[in-house]
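Could you build the full structure based on these sequences and the hints that come with them?
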Amino acid sequence: MRPTAPTPLTSRRGLLFGTAAVGAGAFLAGCTSNEPKDEKTAAEDRPAADEPGKHVTIGFAGPQADHGWLNAINDNAKRRARTYSDVTLEITEGSNDTAAQIGQIETLINKKVDVLVVLPADGKALTQVGLKAMRAGIPVVNLDRVFNTPQAYRCWIGGDNYGMGLNAGHYIGEKLKDTPDARVVELAGLDNLELTKQRTKGFDDALKNYPNIRKVARQAADFTVESGQAKMAQLLQAQRKFDALWNHDDDQGVGALRAVEQAGRDGFLMVGGAGALSAFQAIERDDGVLKATVLYPPTMSASAIDLARALGRGKGVGGMAEYEIPASVTLYSAVVDKDNVERYMPTGFR
Amino acid sequence: MTQPVSPPRYDSGKAPATAPPPAWRTLAARADVRTLSLLGVLAVLIVIGGVTKPDEFLDTRNLQLVLTQASVIGVVTVGMTFVITSGGIDLSVGAIVALASVWATTVATQEYGFAGILFTALAVGVGCGLVNGLLVAYGRMVPFIATLAMLASARGLALQITDGRTQIVTVDSVLSLGERDAYVLGIPPLVLVFAVVSVIGWLVLNRTTFGRRTVAVGGNAEAARLAGIDVRRQRLYLYLLSGLCCGIAAFLLIILAGSGQNTNGNLYELDAIAAAIIGGTLLSGGRGTITGSVLGVLIFTTITDIFALNNLQSDVQQIAKGAIIVAAVLVQRRTASTT
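So the protein lines, in turn, are chains A and B. With the UniProt record's numbering, letter number 345 in the first sequence gets 345, and the count goes up by one each step, no holes. With the UniProt record's numbering, letter number 253 in the second sequence gets 253, and the count goes up by one each step, no holes.
Any given hint might turn out to be false.
To be verified - Listed next, the stretches of chain B that the computed footprint assigns to chain A, with coverage defined by at least 3 CB atoms under 8 Å from CB atoms of chain A: (1) 155-165; (2) 176-189; (3) 304-312.
Just so you know, the hints here were simulated from the structure itself, not pulled from any lab data. Note that the coordinates shown come from a computational prediction; the quantities given were computed from them, not determined experimentally. Even glycine gets a Cβ: it sits at the ideal position worked out from N, Cα and C.
Quick look at the structure:
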């Protein structure tokens, strides 16, 4: 929960002056942001699989990084692209505004990039511009949030929300299979998102395999620390005793863990979701209720760059027999616990 | 509706800022009916909570929890009540809370300690309030627009500072204020801050010249100006006050959540406005009640608590919340018109 990266990047005087003059805020924001200095990700650890060849220009358009995971998506894509000497990455400013993102993608089409990687803020709303790119002869790698029709992309790569719930459910199920009348609680994410429903469905389906386990409560938070703290505090009050908690998101998990700490509660096992660095660190320390987290890997953007590069060079993927890259790749939501956390640590986002 | 400000008497050259005693008395009587009706709503909610979940709801820990959760938004609502009473609106409160919390936690991760975090949170709050106040009072911008602009830019700045990251606080002196052993006679420190802010807010609004001027400006700005009130300076102070409350709230939120995030304070503006309105503060200005606002916040927090204890899903919660806002305002109309 408490990462150790205190890097004093600013002088005290500069800070005091800046806080007084909010108008000059943008300047200070640059100086005081918690930019980690030495962040390594899996993208750098793995060398390029094959020799440099035909030059490929990849256009990358993603949503605004207003969440740790989305920020990690951008980082992973940039880092991966830098490892290839034959790849140029044209990256656009992230935006949650559909019209703005359509404009950005059209700009990339006009620039005649070789391949497009798009993580749409809204998959349905951006389908048309995906189609437009494909018609213009630019293959599209659709990242995570899926377009309405397969015609709008050459390849889809993304996470498995149902699988996240399924694996979290099985992990908890295995841990509690010898506990009679086990009670499980779920702290879900934003309820108006389709992905939240899929995560819950997977979780419920997995629990059906364990007749001794009953889900006694489910509350939805907003993927934020603040909502995580508030909803968890109430869940803890509502459920005096339970054996396991599944929390859909590690960011709201920071708040949830804070609520657990404030209530002085333990005696249950908590499983998180997504794969934040703070969650990995807590799992490694093993001094709290958080015992595992289910991945929704932000490294998928690095893999999207790999796929885009292969597409641009007209090659398949190393290790597969086919001449072409697959039409879709669904990533696996691995469970990270104390046994394997060291391996996943470099992929943790903050 | 009664005008809290009597028409200016041009002949005397100097009109009193307050209404004559009879008007005050009727106003006080009405305030009492409103307060009683709000207390009634709260009582009904407590009965509902007590009947549906007797063990969990009627529990000291739950009372502490409800009051703690009410504290952050409660402090914001006190500031908002002043602004609305003066006929203005502050849409930027949530964004200011977000900016203040991320800026203060940026300091936190750089080991500036308790004072650094507190000072930064307050300074950012006051700074944003100052900008709002200058835009509204001296830039002659409509409060809705000026604070909407602040909402957008403060959220943007908060996002820029954090890059979407969750900034976790490691300063133990700050974190410990949110723990149980910091409770004073069973009262969490956050709740004490909320109580102190509310009492000061009540005293300022009801017992000081500043409060009377606020009501006067909201009732009839032109009359207030003719009565010798520096309306512009008064407005500046009111947005500063709201900003200060946001700074305090940001600090409380840092204690509570143990971190700063650009999504902090999400939709606080709407919650604070809703609480002030169901409390009996007039959106058109000229009448404000801190007691009502505090009760409004407590009603909302209690509803959320009862829903969570009964494991109702968020869609049901939202529908019920909307229904309760409508019901509370309708009940108030009725009680107000029958007095």
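Now for the hints, and whether the structure bears them out:
1. 155-165: Holds, because 8 residues of the segment 155-165 of chain B bring their Cβ atoms closer than 8 Å to Cβ atoms of chain A.
2. 176-189: holds (count 3)
3. 304-312: holds (count 6)
Hint violations for this structure: none, all hints satisfied.
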